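Asker: Join these two chains into a complex; the hints should help.
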Amino acid sequence: MHAFAYERPATLAEALALMQAHGSAARLLAGGTDLIIRLRDGSARPSVVIDVKRIPELDPGIRVDAGRLVIGARTVMTDIAADAHVRRHFLALAEAASVVGSVQIRNRATLAGNICNASPAADTAPPLLVYDATVVAAGPDGTRRIPIDAFFVRSGVTTLVPGEIVTAIELPVPDGPLGAAHQRRTRRRGHDLASVTLSVAIGGSGTTRLAYGSVGPRPVLHVDGSGVLADASATAEAKARVFEAAFADASPSPRSMRAGPDYRLAMLRVLGARAVATALDRLAGE
Amino acid sequence: MTQTIPIALTVNGRPRSAEVAAHHTLLEVLRDDLGLTGTKECCLVGECGACTVILDGRSVDSCLMLAVEADGADVLTVEGLATDGRLSPLQQAFLDKGGVQCGFCIPGQVMSAHALLAHTPHPTRAEVEEGLAGNLCRCACYEQIFEAVLSTAEAAAAADEEAGR
Ligand code: FES
Ligand code: FES
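As given, the protein sequences belong to chains G and L, one line each in that order.
When we follow numbering that gives the first Met the number 0, the leftmost residue of the first sequence carries the number 0, and every step to the right adds one.
When we follow numbering that gives the first Met the number 0, the leftmost residue of the second sequence carries the number 0, and every step to the right adds one.
For the record, the hints were derived by calculation from the structure and aren't laboratory data.
Since we're looking at a predicted model, the values are computed, not measured.
Each residue gets a CB set at the ideal place from its N, CA and C atoms; glycine is no exception.
Mixed in with the good hints there might be a few duds.
With a straight-line cut-off of 25 Å between C-alpha atoms, the simulated SDA-like cross-links for lysine to any residue are [unchecked claim]:
1) Lys238(G) - Glu169(G)
2) Lys52(G) - Arg143(G)
3) Lys52(G) - Asp73(L)
4) Lys52(G) - Gly71(L)
5) Lys52(G) - Glu18(L)
6) Lys52(G) - Val156(G)
7) Lys52(G) - Leu135(L)
8) Lys52(G) - Gly41(G)
9) Lys52(G) - Arg57(L)
10) Lys52(G) - Val44(L)
11) Lys96(L) - Ala132(L)
12) Lys52(G) - Gly12(L)
13) Lys52(G) - Arg137(L)
14) Lys52(G) - His118(L)
15) Lys238(G) - Gly175(G)
16) Lys52(G) - Thr3(L)
17) Lys96(L) - Phe145(L)
18) Lys52(G) - Pro5(L)
19) Lys52(G) - Thr133(G)
20) Lys52(G) - Ala72(L)
21) Lys52(G) - Asp55(L)
22) Lys52(G) - Leu8(L)
23) Lys96(L) - Leu135(L)
24) Lys52(G) - Phe145(L)
25) Lys52(G) - His23(L)
26) Lys52(G) - Asn11(L)
27) Lys52(G) - Val160(G)
28) Lys52(G) - Pro14(L)
29) Lys52(G) - Ala20(L)
30) Lys52(G) - Thr9(L)
With the Cβ distance kept under 8 Å, some of the chain G side facing chain L (calculated, not the full set) [what the hints assert, rightly or not]:
31) Met0
32) Arg39
33) Arg107
Isolated chain L, as found in the complex (with noise of 0.2 Å):
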């Protein structure tokens, strides 16, 4: 028989409840449960990074994790990224710099991209690849994807210095 558990946690901002089986990742409660498909399903063991939420400010594999792990966590999935319909400056720099392609990785991608800059504002290329090393794009598009991170650092640097901060 399988053992159900009652979890809590917050995605995107919400609070939400589940009645998880124990034995179901957070991937697969995020998508056919909470039905946010914007995470990706593909390797399943750790290597491809299309899977990639934010738990508790860090990125992690959610197909490396139970759900019930994430109990009375705070979940950020690429659903989370817009606001009122407008994408992130992270988002926008990835169409405009020709980062997405098929865009099967392209959530994962944002999703380390988003943790990256979240905790090192002004990174340096190698920081940023370093960053992303646990993301694959089978369509190769890494230099358009540095490249976003990298335009999206700069001009939230600008701003900052326009506004004087």
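If we strip away everything but chain G, and leave its shape as in the complex, we get (with noise of 0.2 Å):
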């Protein structure tokens, strides 16, 4: 690994000084398993590295705050996949949060290091999307609110402008009923990138929202408000249809390692069938 030099801000002002300060040439640090591989790799050449961890502002708690739930961007995966709050309101995320990586990579990586590297087969976009998620980040000129279906761009890209640091990322808490599930495809059982992930949520109303990753430059939201994902005695060909307008935005590379392009179109239909049948299944138990 290349030689850098590293800070540890205490605060949330400091560390948005050396952002300032260091501009292009730093690179922020939070869990870290996206990050160790890029600088060892070389792909990042930072020349400081600015971690996070220990930055109060970013505090690794789940809580509800005025309807919403509040996730500080230092929470890893693990404390999301079992918090009380995420299954019960959430259960699409903590099941998005339970299959990244291994126990190890659970164990350090975060939810908002996870958005922030905006990889299109980030297992938790998905769900963020279908619950209309917003990320929080601070700037130097203050705290702005953005969508998350505003924030991701395409692989490594996001919608924050240099020197912000997403701080938390929030979801409503939803004020009716809604059944969700989380779906993934991946080439073997344990730990591996998916080939294809979809969440779907179903509200009491009859609108479903689609999220589905991997199949394209960035992961894509559809509203359905139709009425018929959320029937279950809507046929299958009527779904069908629903389902040929959701995934029009799936674009697969055709140099993917992992997937070729049919199968992976092929398994968002399998994986929205199967997502949406448990999320209905969710919703009746409600």
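Answerer: This is the structure we're talking about:
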């Protein structure tokens, strides 16, 4: 690994000042499960690494505040997967957090880091999209709230501006019944990057939010207001038509080693049907 | 110029301090600076788990963190499992069940299993498989390793029962 300077700010203000001072020469270090790999293979060559793990404002706690679940930027996947609030209100996010990497990875990897990397295969992106999450970012000019659908641009690129630091991710606690599920497809059991990820959330009003990743430059959200996916008695043909529209934005890369485009497109439909069935079951049990 | 940073941590119950390079991983410092070569270096990308140690009670890949990040932490490595020269019951079970072939992956497997049993003393087979999913074994001793973990949990449960706990 190349040599770099290490900074461990003790406050958010200090971290923001370091980001101002070093600009694009600095990289933020949260869990490190992606950054350390990139430092070693040379695809990231910062001269300064800023470790955000001791910043109290990025508190690793998960709390409910004014109708929103607030997940501090330092919160790791293990804690999200096990959290009682998350399991009760945001089960698809708990399911996604519990399949990221291995136990060792989940004990370090943060939700904030996962979305800031903006990998199209990020497991946590589809649930955050279906739950309509907001990214809270602190910058030199104050705090901004970015809707998650306006956050992802393409692999490794988000709408954060230079100097900004994600401090928390917020999810509105649903005000009515909601059934949700997360599905993924990997090459092998155990620990692997996903070839397809997909989440759905079906509300009591009949609106279905469906999001998927790993089939294009960024994860995609589709909102179905037709009521077809939410209708347990709708025919498979009717559902297939909605899926066609929902998956119109999928454009899997032909160059991926993990799975070919035809396979991914076929699996989207399979995972979509499974996730909808599970979400409907859960909605009925609410 | 390489920045070095003083760190203080607890390793296998003993306070240790070191001057570490900012860009050195915990794995490198354990092996090269502290002489604890039980923790193995293999893929260096968080895929194989050969470098697994327990940091503040949680298993982590030591190749995926900087040593400075462990400043103030409590680290348990495979060298910390035996007491008075006697293997821990879990380590002994790995030997008894034939889970150790070439042995290269075993320190990592044992540390993952140790962390699993600390959090889940009575795991199901599925929980053992999931708990060890981040540890690869190229000799493919998976069955024997799962048996070793399950039998350790069973023996501990039987001993608890005997003692009326
Ligand atoms: S050497 Fe760390 S996971 Fe393989
Ligand atoms: S015993 Fe040889 S790699 Fe596991």
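Asker: Evaluate each hint against the coordinates.
Answerer: For each hint, the structure was consulted:
Straight-line distance between C-alpha atoms of Lys238(G) and Glu169(G) comes to about 31 Å, which puts the hinted pair past the 25 Å bound. Taking the CA atoms of Lys52(G) and Arg143(G), the gap is about 21 Å. The hint holds against a cut of 25 Å. The hinted pair formed by Lys52(G) and Asp73(L) meets the criterion: a straight-line CA distance of about 16 Å does not exceed 25 Å. Between the alpha carbons of Lys52(G) and Gly71(L) the distance comes to roughly 13 Å, so the proposed pair stays at or under 25 Å and holds.
For the suggested pair Lys52(G) and Glu18(L), the alpha carbons sit about 20 Å apart, so the restraint of at most 25 Å is met. Taking the CA atoms of Lys52(G) and Val156(G), the gap is about 22 Å. The hint holds against a cut of 25 Å. Of the supplied pair hints, the one linking Lys52(G) and Leu135(L) is violated, its CA atoms being roughly 29 Å apart against a limit of 25 Å. Taking the CA atoms of Lys52(G) and Gly41(G), the gap is about 23 Å. The hint holds against a cut of 25 Å.
Of the supplied pair hints, the one linking Lys52(G) and Arg57(L) holds, its CA atoms being roughly 16 Å apart against a limit of 25 Å. Proximity of Lys52(G) to Val44(L) is assessed by CA-CA distance (about 21 Å); at most 25 Å being required, the pair is judged to hold. Between Lys96(L) and Ala132(L), the direct Cα distance comes to roughly 19 Å. Compliance with the 25 Å bound is thereby established for this hinted pair. For the suggested pair Lys52(G) and Gly12(L), the alpha carbons sit about 24 Å apart, so the restraint of at most 25 Å is met.
Annotation: proposed proximity of Lys52(G) to Arg137(L) is violated, straight-line Cα distance about 35 Å (limit 25 Å). Restraint check for Lys52(G) and His118(L): satisfied, since their Cα atoms lie roughly 24 Å apart, inside the 25 Å limit. Note on Lys238(G) and Gly175(G): the hinted pairing holds, with a Cα-Cα distance of about 24 Å set against a maximum of 25 Å. The straight-line distance between the Cα atoms of Lys52(G) and Thr3(L) is roughly 19 Å, inside the 25 Å bound, and the hint therefore holds.
Pair hint Lys96(L) plus Phe145(L) holds up; C-alpha atoms about 9 Å apart against a cutoff of 25 Å. For the given pair, Lys52(G) sits about 18 Å from Pro5(L) by alpha-carbon distance, which is consistent with the 25 Å threshold. Distance hint between Lys52(G) and Thr133(G) is fulfilled; the C-alpha atoms sit about 21 Å from each other, no more than 25 Å. A C-alpha spacing of about 13 Å is found between Lys52(G) and Ala72(L), which places the hinted pair at or below 25 Å, so the restraint holds.
Only pairs whose Cα atoms come within 25 Å are accepted, and Lys52(G) paired with Asp55(L) is accepted, the gap being roughly 14 Å. Only pairs whose Cα atoms come within 25 Å are accepted, and Lys52(G) paired with Leu8(L) is accepted, the gap being roughly 17 Å. Taking the CA atoms of Lys96(L) and Leu135(L), the gap is near 18 Å; set against the 25 Å cutoff, the hint holds. Note on Lys52(G) and Phe145(L): the hinted pairing is violated, with a Cα-Cα distance of about 34 Å set against a maximum of 25 Å.
Distance check on the hinted pair: Lys52(G) and His23(L) sit about 18 Å apart at the alpha-carbon level, within 25 Å; holds. For the suggested pair Lys52(G) and Asn11(L), the alpha carbons sit about 23 Å apart, so the restraint of at most 25 Å is met. Taking the CA atoms of Lys52(G) and Val160(G), the gap is about 21 Å. The hint holds against a cut of 25 Å. With a CA separation close to 22 Å, the supplied pair Lys52(G) and Pro14(L) stays within the 25 Å bound.
A C-alpha spacing of about 19 Å is found between Lys52(G) and Ala20(L), which places the hinted pair at or below 25 Å, so the restraint holds. Distance restraint check for Lys52(G) and Thr9(L): the Cα-Cα separation of roughly 19 Å lies within the 25 Å cut-off, and the hinted pair is therefore satisfied. Given the 8 Å rule on beta carbons, the hint for Met0(G) holds: about 5 Å separates it from the nearest Cβ of chain L. Given hint, Arg39(G) at the interface with chain L, holds; its Cβ is 6 Å from that chain's nearest Cβ, closer than 8 Å.
For Arg107(G), the suggested interface contact is upheld, since its CB lies about 6 Å from the closest CB of chain L, less than 8 Å.
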